[in-house]
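If you number the sequence shown the way UniProt numbering does, the last residue is 70 and the count never jumps.
Hints were generated in silico from the structure; no laboratory data involved. Do not rely on the hints blindly, as some may be mistaken.
Stated by the list, open to error - Simulated restraints, written as ranges between beta carbons of each label pair:
id : residue 1 : residue 2 : range
1  : Leu6      : Lys42     : 49 to 55 Å
2  : His39     : Ser61     : 31 to 37 Å
3  : Glu24     : Arg2      : 29 to 35 Å
4  : Arg15     : Ser51     : 50 to 56 Å
5  : Gln47     : His19     : 41 to 47 Å
6  : Thr59     : Glu26     : 46 to 52 Å
7  : Ala50     : Gly14     : 51 to 57 Å
Stated by the list, open to error - No more than 25 Å apart at the CA atoms, straight line, and that leaves these computed lysine to any residue pairs for SDA-like:
id : residue 1 : residue 2
8  : Lys40     : Ile29
9  : Lys42     : Gly22
10 : Lys40     : Glu18
11 : Lys42     : Arg53
12 : Lys42     : Ala52
13 : Lys42     : Glu18
14 : Lys40     : Ser55
15 : Lys42     : Glu28
16 : Lys40     : Glu26
17 : Lys42     : Ile29
18 : Lys42     : Glu32
19 : Lys40     : Glu28
20 : Lys40     : Thr59
Cβ atoms here follow ideal geometry from the backbone N, Cα and C, with glycine treated the same way.
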Amino acid sequence: MREHALERERRAHGREREHAHGRERETEIAWERERERMHKRKSARRQECASARESAHETESVYMREIERA
1 MREHALERER RAHGREREHA HGRERETEIA WERERERMHK RKSARRQECA
51 SARESAHETE SVYMREIERA
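Take these sequences, add in the hints, and give me the full structure.
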């Protein structure tokens, strides 16, 4: 009888560990997704800044040519 109780306890403990591991993995996945999201956001921001700089440079070049013509 005592052996059955020990076996049930052992199984229950194993299930608890599996659930804990599952929650831990879900948390890791959530953090990975958040990191990817932030990386994409940062990359988009860098691209936006690069485009703005390029556009400003082109505008400056156009103005300089207009001044040279005048």
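Structure-based check of all given hints:
{"no.": "1", "hint": "Leu6 with Lys42: 49 to 55 Å", "result": "holds (54 Å)"}
{"no.": "2", "hint": "His39 with Ser61: 31 to 37 Å", "result": "holds (33 Å)"}
{"no.": "3", "hint": "Glu24 with Arg2: 29 to 35 Å", "result": "holds (33 Å)"}
{"no.": "4", "hint": "Arg15 with Ser51: 50 to 56 Å", "result": "holds (54 Å)"}
{"no.": "5", "hint": "Gln47 with His19: 41 to 47 Å", "result": "holds (42 Å)"}
{"no.": "6", "hint": "Thr59 with Glu26: 46 to 52 Å", "result": "holds (49 Å)"}
{"no.": "7", "hint": "Ala50 with Gly14: 51 to 57 Å", "result": "holds (54 Å)"}
{"no.": "8", "hint": "Lys40 with Ile29", "result": "holds (16 Å)"}
{"no.": "9", "hint": "Lys42 with Gly22", "result": "violated (30 Å)"}
{"no.": "10", "hint": "Lys40 with Glu18", "result": "violated (33 Å)"}
{"no.": "11", "hint": "Lys42 with Arg53", "result": "holds (17 Å)"}
{"no.": "12", "hint": "Lys42 with Ala52", "result": "holds (15 Å)"}
{"no.": "13", "hint": "Lys42 with Glu18", "result": "violated (36 Å)"}
{"no.": "14", "hint": "Lys40 with Ser55", "result": "holds (22 Å)"}
{"no.": "15", "hint": "Lys42 with Glu28", "result": "holds (21 Å)"}
{"no.": "16", "hint": "Lys40 with Glu26", "result": "holds (21 Å)"}
{"no.": "17", "hint": "Lys42 with Ile29", "result": "holds (20 Å)"}
{"no.": "18", "hint": "Lys42 with Glu32", "result": "holds (15 Å)"}
{"no.": "19", "hint": "Lys40 with Glu28", "result": "holds (18 Å)"}
{"no.": "20", "hint": "Lys40 with Thr59", "result": "violated (28 Å)"}
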